[in-house]
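Starting from the known structure of chain A, arrange chain B on it as the hints suggest.
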Amino acid sequence: MTSLYDEVQAAPGEGVPTRRVTIKVNGADRTVDVEPRLLLAHLLRQGLKLTGTHTGCDTSNCGACTILFEGRPIKSCTMLAVQADGHSIETVEGMATASELHPIQEGFKEEHGLQCGFCTPGMMMAAKALLDKNDNPTEDEVRWALSGNLCRCTGYQNIVKSVLWAAEKMRAESK
Amino acid sequence: MYPSRFGYESPKTVEEAVALLDASGGEAKVLAGGQSLVPMLRLRFAAPEMLIDINGIEGLRYHRVDADGTIRIGALCRHEDLEEDDAVAKAVPTIAAAAPLVADPIVRTRGTFVGSVCHADPQGDWAATMTALGGHIVAQGPKGKRDIPIADFVIGPFQNTLAFNEIAVEAVIPAPKGVRIGNYLKLERRVGDFATASVAVALDMVGDTVADAGIALAGVGGRTINANAAASELIGKKLTAENIASVAAAVAAVAEPRTDHRGSADYKRQIVKTFVERILTGLLSTSQKAA
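Residue numbers (my numbering), protein chains in the order written: chain A, 1 to 175; chain B, 1001 to 1291.
Just chain A, same shape as in the assembly (with noise of 0.2 Å):
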């Protein structure tokens, strides 16, 4: 079975107009042949195979597709593909180093911040938008700042936690 994400393929078929699009992912200039009406998401999971970037719903409510364009968060499952043309996107894919994880990263795992695990890089993303702001928010703040994100398994609690170890670790190394 065809699943219907796999349907509009990144690579367009004969005779679809087109755009050639080229996009700064984690660093590195990708250039790309998108139908416009590809979205980011898919263009980042099909064309790109970066799959650490989720879609969960089809009404921009859950955030699990949640990536850093310009460096704000946005839902790349609401933003077409062709839109990201000449700008610069970060996905969880750039959030380690091939040695290290990032302290958000390190963050669910020291606080088991996840159980499935589906909305955990949307979570992330959003978290770290949080704290290239703000690098001492409050439990508040955090939980104010991950409210566009959805978790099925957790009840946000030690989401909630990871990010602000994840905060404290990032001071503690800024210092």
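Simulated from the structure, these hints should not be mistaken for laboratory data. Be aware that one or more of the hints could be misleading.
As the list claims (entries may be wrong) - Covered stretches of chain A, as calculated for chain B (at least 3 residues, CB under 8 Å): (1) 57 to 66; (2) 163 to 172.
Stated by the list, open to error - List of simulated lysine-lysine pairs, BS3-like, C-alpha gap at most 25 Å: (3) B:K1090 x A:K133; (4) B:K1090 x B:K1238; (5) A:K24 x A:K49; (6) B:K1012 x B:K1145; (7) B:K1143 x B:K1012; (8) B:K1090 x A:K24.
The model shown is predicted, which means the values in this text are computed figures rather than measured ones. Heads up, the beta-carbon is just placed ideally off N, CA and C, and yes, glycines get one too.
What follows is chain B alone, placed relative to chain A:
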């Protein structure tokens, strides 16, 4: 789901965008923040032949207070721009109160104020806010610009009065008569859900007398509810417990709530009444403290 096929243009000027709209003969849609349009495309509630993306047009992302007190909000001003503690938020407390309640924090980084007013969703926070404030929309078409008063702009659910070849380039809120106060309250079961009920209140005060009053509702009808007639009872008077109760009852009477899983019609009407009372009582006590 994914959208049906469409053409895509990303003009660099408003004039170019208007020319593309004009040439489309009504089959094009303007893409600004896209936080309502893209989900609608995905669900195929909308299937335009062409999208005209205005995000590449310089000079549309602004919001400011002019020297004469007029507030201007450009077509690409994002919700989050109004959330920061800035001049517009200070000048229009109703906007400052509503901004953090629009959708969720991630949607607010993309979605636009003007786009939300144009979308005219009966649930829309900004259509209600603008209705209470009584501003206008500046529409730019092939023959230039025209001002459309908000009451003539949002005319029904998802209906505005832009011509097919016009773009809403700016929302304008007139300078207050005196000092502008106000608030916005929204009851939602969780962040990002449709509101059970929302109430926008904007008052212009000269001393302790109400010089102008606007109230509008979202989520309690098939369209944005304009309750300005009910609010006008306050004009020329001081706020008192009696006239607050009377206005709250009158506003609740013009709500058109329907019973659904968010609550019964009676319950929602009661929320509207309570919110109007709560907002006006809060404004009265703040203004008494200030005096």
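Outcome of the hint check:
Beta-carbon proximity to chain B at under 8 Å applies to 6 residues in the stretch 57 to 66 of chain A; the threshold of 3 is reached and the given coverage holds. Counting residues of the stretch 163 to 172 of chain A whose CB lies closer than 8 Å to any CB of chain B gives 0, which falls below the minimum of 3, so the coverage claim is violated. Of the pairs offered as hints, the one joining K1090 of chain B and K133 of chain A holds, with about 22 Å between alpha carbons and a cut-off of 25 Å not exceeded. Proximity of K1090 of chain B to K1238 of chain B is assessed by CA-CA distance (about 23 Å); at most 25 Å being required, the pair is judged to hold.
A hinted pair counts as satisfied when its Cα atoms are at most 25 Å apart, and K24 of chain A with K49 of chain A qualifies at roughly 15 Å. Pair hint K1012 of chain B plus K1145 of chain B holds up; C-alpha atoms about 18 Å apart against a cutoff of 25 Å. Proposed proximity of K1143 of chain B and K1012 of chain B is supported: the alpha carbons are some 19 Å apart, at most 25 Å. Using a Cα cut-off of 25 Å, the hinted pair K1090 of chain B and K24 of chain A is violated, with the two alpha carbons roughly 37 Å apart.
When held up to the earlier numbered hints, the structure conflicts with 2, 8 and fits the remainder.
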